[in-house]
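With the hints as a guide, bring both chains together as one complex.
Keeping their order, the protein sequence lines are chains P and G.
Everything in the first sequence is counted per this note's numbering, starting at 1 for the first residue and increasing by one.
Everything in the second sequence is counted per this note's numbering, starting at 1 for the first residue and increasing by one.
Keep in mind that the hints were calculated from the coordinates and are not lab data.
A few of these clues could be false.
Quick list of the computed label-pair ranges, beta carbon to beta carbon [said to hold, decoys possible]: (1) 41(G) / 3(P): 29 to 39 Å; (2) 23(P) / 275(G): 47 to 57 Å; (3) 146(G) / 8(P): 16 to 26 Å; (4) 16(P) / 39(G): 49 to 59 Å; (5) 135(G) / 3(P): 19 to 29 Å; (6) 318(G) / 55(P): 54 to 64 Å; (7) 8(P) / 142(G): 14 to 24 Å; (8) 227(G) / 16(P): 16 to 26 Å; (9) 14(G) / 157(P): 26 to 36 Å; (10) 22(P) / 35(G): 28 to 38 Å; (11) 370(G) / 54(P): 18 to 28 Å.
With a straight-line Cα cutoff of 27 Å, these simulated DSSO-like cross-link-like pairs (lysine-lysine) come out [to be verified]: (12) 194(G) / 233(G); (13) 120(G) / 14(P); (14) 307(G) / 425(G); (15) 14(P) / 147(G); (16) 120(G) / 146(P); (17) 69(G) / 120(G); (18) 129(P) / 282(G).
Don't be surprised by glycine CBs; every beta carbon is placed ideally from N, CA and C.
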Amino acid sequence: MISLKAETIEKIDKLVPRYPTVRSAALPLCHLVQEDLGYLSRESIEWIAERLELQPINIQELVTFYPMLRTEPTGEYHVRVCRTLPCALAGAYQTCRSFEKEFDCKVGHTSEDGLVTLGFVECHADCGKGPVVMVGEDEYTDINPKKAVEMAAKMKSGELSKGL
Amino acid sequence: MSQQETRLIFKHIDEQGYTNDIDCYVKNGGYEQLRKAVTMRPEDICAEVLTSGLRGRGGAGFPAGMKWKFLDRKSGKPIYLICNADESEPGTFKDRQIIHQDPHQLIEGMICTAFAIQAKLAFIYIRGEFFEGYKILERAIEEARKKNFLGDNILGSGYSCDIIVHRGAGAYICGEETGLIESLEGFRANPRIKPPYFPAALGAYQCPTIVNNVETLCDVKHVIEMGGESFAKIGTPGNTGTRIWCVSGHVQKPGYYEFACADITLGQLIYDICGGLKPGRKLKAVIPGGSSSKILRADERFIGKLKDGTEYDWGIEDIPMDFDSLMAVGSMSGSGGVIVMDDTTDMVEALANINYFYAHESCGQCTPCREGVPWMRKVTQRMLDGEAREEDADLLKSIADQIAGRTICAFGEAASWPVQSFIAKFKDEFVEKAQEQAARRKEGKETAETTTLI
Ligand SMILES: Cc1cc2nc3c(=O)[nH]c(=O)nc-3n(C[C@H](O)[C@H](O)[C@H](O)COP(=O)(O)O)c2cc1C
Ligand code: SF4
Ligand code: FES
Numbered sequence: 001m002i003s004l005k006a007e008t009i010e011k012i013d014k015l016v017p018r019y020p021t022v023r024s025a026a027l028p029l030c031h032l033v034q035e036d037l038g039y040l041s042r043e044s045i046e047w048i049a050e051r052l053e054l055q056p057i058n059i060q061e062l063v064t065f066y067p068m069l070r071t072e073p074t075g076e077y078h079v080r081v082c083r084t085l086p087c088a089l090a091g092a093y094q095t096c097r098s099f100e101k102e103f104d105c106k107v108g109h110t111s112e113d114g115l116v117t118l119g120f121v122e123c124h125a126d127c128g129k130g131p132v133v134m135v136g137e138d139e140y141t142d143i144n145p146k147k148a149v150e151m152a153a154k155m156k157s158g159e160l161s162k163g164l
Numbered sequence: 001m002s003q004q005e006t007r008l009i010f011k012h013i014d015e016q017g018y019t020n021d022i023d024c025y026v027k028n029g030g031y032e033q034l035r036k037a038v039t040m041r042p043e044d045i046c047a048e049v050l051t052s053g054l055r056g057r058g059g060a061g062f063p064a065g066m067k068w069k070f071l072d073r074k075s076g077k078p079i080y081l082i083c084n085a086d087e088s089e090p091g092t093f094k095d096r097q098i099i100h101q102d103p104h105q106l107i108e109g110m111i112c113t114a115f116a117i118q119a120k121l122a123f124i125y126i127r128g129e130f131f132e133g134y135k136i137l138e139r140a141i142e143e144a145r146k147k148n149f150l151g152d153n154i155l156g157s158g159y160s161c162d163i164i165v166h167r168g169a170g171a172y173i174c175g176e177e178t179g180l181i182e183s184l185e186g187f188r189a190n191p192r193i194k195p196p197y198f199p200a201a202l203g204a205y206q207c208p209t210i211v212n213n214v215e216t217l218c219d220v221k222h223v224i225e226m227g228g229e230s231f232a233k234i235g236t237p238g239n240t241g242t243r244i245w246c247v248s249g250h251v252q253k254p255g256y257y258e259f260a261c262a263d264i265t266l267g268q269l270i271y272d273i274c275g276g277l278k279p280g281r282k283l284k285a286v287i288p289g290g291s292s293s294k295i296l297r298a299d300e301r302f303i304g305k306l307k308d309g310t311e312y313d314w315g316i317e318d319i320p321m322d323f324d325s326l327m328a329v330g331s332m333s334g335s336g337g338v339i340v341m342d343d344t345t346d347m348v349e350a351l352a353n354i355n356y357f358y359a360h361e362s363c364g365q366c367t368p369c370r371e372g373v374p375w376m377r378k379v380t381q382r383m384l385d386g387e388a389r390e391e392d393a394d395l396l397k398s399i400a401d402q403i404a405g406r407t408i409c410a411f412g413e414a415a416s417w418p419v420q421s422f423i424a425k426f427k428d429e430f431v432e433k434a435q436e437q438a439a440r441r442k443e444g445k446e447t448a449e450t451t452t453l454i
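Just chain G, with the same shape it has in the complex (with noise of 0.2 Å):
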């Protein structure tokens, strides 16, 4: 395997002497797929984003090309594009660095879109703290008009389309598809049901709409430049293209990283690209793709079979980062937030840390979101508070098992998916919390400890 990254989307990222303006991106190449795609038949461009494989950043994984295919064309309403840069899936920022740094790739990416899906209008969902991305944006975007490559019979093609910033508020629900576009509705963002409402089908104001993430529209360009082929070969089959991974926590040099699919392993990532960890630290955990995704413990050993028939058995520092690999080992890339954890973590603390954020972050529409989160968030928090109590792990697991699953939105399994997994492979320190706290109880000391997570 090499350790060269692949710097695909993050081209020009932190590159000496490269603006975010317009004439620093046309300098280097800027708009020239747009050109190109818009001489193309748009079924054509949808063909190749099929054939290559690409599959979406925002967190799911799903093929883009497929969901393109999904869009209801029949119906005669006007179809939307929204991007969706909400980006608040904790451990996650990629997306906020392509707004400031290069945002015409992003607009350049989204037009391409919009002409592919013949969209009337597109938009940027871009979560309310981006204050200076959303001026970025604004920015851009009139530069981009004042240039033809969006507005009226963009370069004389005939096709027309705008695209709106729209400012979130706070709410990390906002990054799920159909909240995103109840919000954008003029809502609170509860999502919806699905079905009906795949937004394909029934998305923004009841019609036919693709929600795709920054990172994806972006790939999108790259997928026009090179063919749809080539693009597949980036990478491996079915994990097509590159990632941009964003290591944070116990590292020495956290930041984000680019490379193709499959490129590289957990282990190479966190000891090689991000200096490993500081000196006499051990490695204790990892959430390898944003905090909702289950978390791994380092000296589990991974044994199964993939997609494909090959068997593996791997250490934590083995785990090739891919799509599929992270899923084989049960839990996901998600968004590609890699969160490192050495050996002074409290793991009650941290999951008391996850707890309260979708504790503070449930929309409140289903009963088991609504009242088990903060359920759990207390639980962890009374733990913490020198009141734990040995049936608490099994408490926390029954609670979150009785939320995935049952709930309108991914939100659900997005909450307890840290819990079952952090009981799932540290139980005994959860346990061991009590025993500790009874023990100081019997000698008639304090039970709380000071505590740094939470």
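Bound conformation, chain P alone (with noise of 0.2 Å):
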């Protein structure tokens, strides 16, 4: 059994009959449950698909296609850089080389301490102001190698929010 926050519960009730199926209501309880418990379990696969009456495979599929659902847990921060042309023009590689150095962790991993998960993500629509980063739902802009590193330590000494 999963156990989800009362206010989750409330939005997934007023949400589901909003929808001309029950089905559309997938993907954004997958977005629901993934923000109360932080990632998608097996359980709460088979709980969404019990909820919409439909298979836990029906889920599933939705969980291996879209790359922001995840079963997995992430660190403490959720570093996603942004890599596509425009940011990449503007360093962006750079910078995640900066970031892979003070977390001593490899883009599309978790430091060992748990304390970050590094990533790249596709143009998240803001190139006027690369390189892009994003910490959990913060956006950041212009981020040179140097102002990474002091994301790093502001990140090391839990000062920066986490942005959940």
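Now the structure itself:
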């Protein structure tokens, strides 16, 4: 059994009947459950399926398709560096290398101490202010390698918001 | 040509003191067009939009009024409106600004449109990464509902419509309208084959559906305000209204700039508006309409005839920024994402970066796309890993040629056009890369070099 916050349940109960079909609520439910619990476990997937009278595979196939849905918890900080061409032209790969060095963690992985999960993302539609970096749900723009070092320090000290 | 911005959609963007709440919007004349719209006959609004010549701002530039005409109204099934707020074409960053700074403009445009096509329900499909944008829209919709600008019996007109904000989850293919619809219905975003699945006939829930981009829907509000004929006077015939050019890459002042169609050339945009390139750098290439559009080389001459018969002989800086001119030079205005590259750019790296994106984003339904796009990525990556071959340029072109035109959705073209155009225009650099590596190999040196774009 998973235990969701009352607030999440309330949101779910409100949302489902608004759609012309229950199945349309599948992706929104994945988001809500993931936001509540941090990731989508086997049990969460089964719970969502049951709530929508679907089979677990119907949810599983979404989880494996949509990059934002995850089946494992992230580190305390979820750092995502936009690597697409406009940000790359602005130096995103150097920014990412700077994070890798600071956290001693390769992009695509979680640091051993569990502090950060570092990942690439594709264009976040703010290319005029690249390199763009997301920390949780918070967006940071114009992050050059030097600013990345500063951000990393604030994550290590716990000063920076986790953007949850 | 003037160089004054014409701020229609972006009138209040970045304006001091302008806030994104409903009071500020109403104070600035907001929702007046909706008041007007609900007193009009829906078919008259559709006629105005057709007269306006408004073309879609999401990428393909299809006339909105024409699309609405294709709606299957005889089926007796409910009609749906979907706003495409997936904004994920690399280099595009205009819809985000509308959503963040002027969400009520979008809502007003949407309800006007919904009324015009008599939609039963409307959706905003917003990309999952727009966390803040999602919250802003949810709040704005509640504000609008309280004032009866949406919901039941809107402004006493007898017409009712609600808007549901639906979040994507990080897949670019959800921007393709039929992939979007699959996603909205709770499935993987596997695009549908057209025909028969043209949204206007068989869209969401197999019902007639109109999908329009955020900017297009905002334009509808302005068409109602000024009338189709006046709107059509902005820009040039066939290229009406304004475009928001999102300039990124190697310019001094990247950003978004709104101009009447054809009011500005690519050269003016880069040098006068965006402050030119960094000192000492020279322009090398421009991708004018999002990463899928074909690249233009700075020293090319573009010679030909426009649709209306006028002959042109342009350098890259002379190209007027509008739908048809960019089409004429073999590219497209697409989503308005202008990516500028100076002479420090390594073209193999730039293409490798683009290929990485498309390989990551293929939905995997069609064999040419699923197999071919990652293959192109592998080839460009291998070239940068120090194993470039002189024949790689031809190999890349041949793979791309076998994808474009052979797939369910236009992603196949979107992924092939960059490769085809990079090879057509910069083949020498791909061949040189192999030759340089061969020379280094002979000297017993490491063949791979440090890269900056991948
Ligand atoms: C691969 C692909 C991605 C697309 N991404 C977007 C997008 O992010 N936003 C958008 O508005 N249109 C996108 N489109 C275009 C839509 O399919 C559709 O044509 C558009 O939303 C229609 O609106 P419009 O006529 O107002 O432009 C994409 C198309 C393709 C083939
Ligand atoms: S072209 Fe690619 S993205 Fe489009 S349906 Fe086929 S496999 Fe999917
Ligand atoms: S490329 Fe990074 S935000 Fe667009």
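Practice task
With respect to the beta-carbon atoms only, verify the hint that residue 16(P) and residue 39(G) lie 49 to 59 Å apart.
Solution key: violated, 36 Å
Practice task
Decide if the proposed pair is consistent with the structure: residue 120(G) and residue 146(P), CA atoms, cutoff 27 Å inclusive.
Solution key: Distance of about 52 Å is beyond 27 Å: violated.
Practice task
Note whether the CB distance of residue 135(G) and residue 3(P) lies within 19 to 29 Å or breaks it.
Solution key: holds, 25 Å
Exercise for the section: Can you let me know if the beta-carbon spacing of residue 318(G) and residue 55(P) is within 54 to 64 Å? Expected result: About 59 Å separates the Cβ atoms of residue 318(G) and residue 55(P), which means 54 to 64 Å holds.
Handout entry: Hint check for residue 3(P) and residue 41(G) - Cβ pair distance inside 29 to 39 Å
Key = Check failed, 54 Å falls outside 29 to 39 Å.
Exercise for the section: Take the C-beta atom of residue 8(P) and the C-beta atom of residue 142(G), compute their distance, and say whether it sits inside 14 to 24 Å. Expected result: This hint holds: roughly 19 Å between Cβ atoms.
Problem - Assessment of proposed distance window 28 to 38 Å (beta carbons of residue 22(P), residue 35(G)) - result: Cβ of residue 22(P) to Cβ of residue 35(G): about 36 Å, so the range 28 to 38 Å holds.
Practice task
For the pair supplied as a hint, residue 120(G) and residue 14(P), confirm whether the alpha-carbon distance does not exceed 27 Å.
Solution key: Status holds; Cα separation ~19 Å.
Exercise for the section: Given the hint that residue 194(G) pairs with residue 233(G), test it: the Cα-Cα distance must not exceed 27 Å. Expected result: violated, 34 Å
Problem - Holds or violated: residue 129(P) to residue 282(G), with C-alpha atoms at most 27 Å apart - result: Holds: residue 129(P) and residue 282(G) sit about 22 Å apart, inside 27 Å.
Handout entry: Assessment of proposed distance window 16 to 26 Å (beta carbons of residue 227(G), residue 16(P))
Key = violated, 42 Å
Exercise for the section: Take a quick look at whether residue 14(P) and residue 147(G) sit within 27 Å of each other, Cα to Cα. Expected result: This hinted pair holds, its Cα atoms lying about 21 Å apart.
Hints 1, 4, 8, 12, 16, counting from the list given before, are not met by this structure.
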